[in-house]
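Here is what each chain is made of, one letter per residue.
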Amino acid sequence: MSFFIETLVGGLLAGVMYSLVAIGFVLVFKASGVFNFAQGSMVLCAALTFVTLRDKEIPFWLAAVITLAIMVAIAILIERVVLRPLVNRPQITLFMATLGLSFVIEGLAQIAMGASVHELDLGIIDTPVKFGDVQVSQFDLVAAGTAAVLVAALSIFFSRTRTGIALRAIADDPQAALSIGIRLQSLWQIVWGVAGFVSLVAGLLWGARQGVQFALTLVVLKALPVLIIGGFTSIAGAIVGGLIVGASDSLAEIYLGNLLGGSVSTWFSYVLAVAFLLVRPAGLFGEAPIERI
Amino acid sequence: MTTSPFLDLDAIEVLYGHAILALRGVSLEVAQGSIVALLGANGAGKTTTLKAISNLLASERGHLSRGTITWRGEVTTRLDPADLVAKGIVQVLEGRHVFPQLTVEENLLSGGFLRRPSRRALTDDLERVYSWFPRLKQRRKARCGLTSGGEQQMVAIGRALMTHPTLVLLDEPSMGLAPIIVEEIFHIIRDLNTKEGVSFVLAEQNAHLVLRFADHGYVLENGRVAASGTAAELAARDDVAEFYLGSAASGARPAALAQHDPVA
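Each protein sequence line maps, in turn, to chains A and B. 400 is the number of the first residue of the first sequence in our numbering; add one for each residue after it. 841 is the number of the first residue of the second sequence in our numbering; add one for each residue after it.
Simulated from the structure, these hints should not be mistaken for lab results. The structure presented is a predicted model; accordingly, all values stated were derived computationally and were not measured. Where a beta carbon is used, it is the ideal one built from N, C-alpha and C, also for glycine. None of the hints are false.
Short, incomplete list of chain A residues facing chain B, as computed with Cβ under 10 Å: (1) ASN487; (2) SER558; (3) ARG561; (4) ARG567; (5) ALA570; (6) ASP572; (7) PRO573; (8) ALA576; (9) GLY580.
From chain A, some residues computed to sit far from chain B (all C-beta separations above 10 Å): (10) TRP460; (11) GLN490; (12) ALA511; (13) ILE523; (14) VAL639.
One chain only, chain A, in its complex shape (with noise of 0.2 Å):
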């Protein structure tokens, strides 16, 4: 049993990593209705960013500053060199410009600052702690606070503030909020920019994780079930479909892995992301259109 219960629990903290990631999505895609497939570009760039600064000897929190004021001149230049352009094109069109994006900042990133793995330290030490029978990875005890943190303040952001209320209307009705006067491209570029600080920090963990290198922009690839399931427009689903993910993968890796010829990992969440697609295409949380009779 504890067996188990580990199992999970180690799913679930793995599966809060995926969440992270998600939340980029999510914010980018409930303003604008971009899906913006440059997130994991963004967040190998931050933690690149990150890194070369960290080997330059520079302390810790400035290089976390010097990091996010990149990235968020990154985002906003991004809304206005691309995206606006594009405004009321086809979403597919602003699809494949995100798509077209997500190379230009990965090859951009190494040209500047080089392609070899980096090592990444957050000062987190990785011994297990232990409660009762079940161990648990401090380290993902620290990212599930950190997710935690982020989520509490997005969430009171876009219920309490001006600006995060303007942004849910845009989301809503982007013609209607033009039409009492709430300027959509300077909400647009806030917008990004807490993208760009939402990568930041999925940057940070996942480079301490598992190295920053190039192999870090296919995160967004599992980010995908995770939206799936969650729903593309809440910041609890991303969590949520996060956890779900997680959680499934693992226990699917430890109980089908036999059966099924191992790796059952790799492609166990995409199976869930289908039948959510089959049965619940909004997903779990999102926004399914209220529609009145």
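Please arrange chain B on chain A, whose structure you already have, making use of the hints.
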């Protein structure tokens, strides 16, 4: 009424997608403190005229290709919609367009953001809107998408009032609403006009109704002004009555509607 030009449209033409000419030289004037009715059938150019005034054409790939719109002596062509809202023109879109996932109160609040008022001033504005639409106060915590059509129209108008407008452009406020609700909303519009001095441009298909409340009227046809005059003059004109008011017999209108109803 002889006031200095308040809102003035001078021979405007509007093109959609560089190809479709929706307005072909519309001129109209709105005097300060008046209610102006914009009449016409579907596709006559009522909505396009309103969107040209509020500069909302760009989001539908339309633009003003000729003519000028002057708001209090200033040509508005280069202003973006938010600038116009700040200068006192606000549009209530056809079909209400409330924010369905936001609560009624959040919908109203969103109208106040542009002015960056203090928290106190924002609450005062909210109470003022609730005093015009008491019904909304009871529903303040409800998600707007789940409220009735009449309530949504009130939210849309209330949200527009939160911007402190001097001119409100209302597109088809009666659409899809029960006659008793429509009556209630039009009376509130008239009170807002007489007590708060807010001017209105009302685009309506229901000409009978709107001419009872308006001072002036313009009849649009195929993107042109086909007739104009005071509301009383328009209501009295035979040709306008025939084309836009329907026959006076009360039974005729429902019958005509039933004929055009695709579901029936």
